[in-house]
Amino acid sequence: MRTEKEFHTALHQLKEPLDAFGQEVEAMVAEIPTPPIDHFQRLVVETRHRTRRWMVLENLLFLLVAFGFLSGVGLLLQKGYLFPVMAGYIGISVLLPFLILWPPTPHKKEVY
Numbered sequence: 000m001r002t003e004k005e006f007h008t009a010l011h012q013l014k015e016p017l018d019a020f021g022q023e024v025e026a027m028v029a030e031i032p033t034p035p036i037d038h039f040q041r042l043v044v045e046t047r048h049r050t051r052r053w054m055v056l057e058n059l060l061f062l063l064v065a066f067g068f069l070s071g072v073g074l075l076l077q078k079g080y081l082f083p084v085m086a087g088y089i090g091i092s093v094l095l096p097f098l099i100l101w102p103p104t105p106h107k108k109e110v111y
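In numbering that gives the first Met the number 0, the protein residues as written are 0 to 111.
Quick caveat, the hints were computed from the structure, so don't treat them as lab data.
Simulated restraints on C-beta separations:
| no. | residue 1 | residue 2 | range |
| --- | --- | --- | --- |
| 1 | A9 | W101 | 49 to 55 Å |
| 2 | W53 | L98 | 22 to 28 Å |
| 3 | F6 | E57 | 52 to 58 Å |
| 4 | H106 | A65 | 32 to 38 Å |
Where a beta carbon is used, it is the ideal one built from N, C-alpha and C, also for glycine.
Produce the entire structure from the sequences given, and follow the hints as far as they go.
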């Protein structure tokens, strides 16, 4: 009970300096000039352009990887490796649902 009263009195003593500090910070923030609207419009345009560029690059890389994979499977099938290709696809089709349903969970390390 005594420590609680001491805590409340200490908080009451800090209230006025903290309020004064808050008012000083508000005054400093109010003095900061706001950039014009075209600055924000330029940021939006640059972000859209950068995002569009990354999307095009991602789509092209996906096509490259997909064609590479399919051409590799086609070459394996032409060389007569039908059963290994079938076994690979069967293995993927059996194991993929388990990977989707029970993905490995990362463990958080405690910070000491």
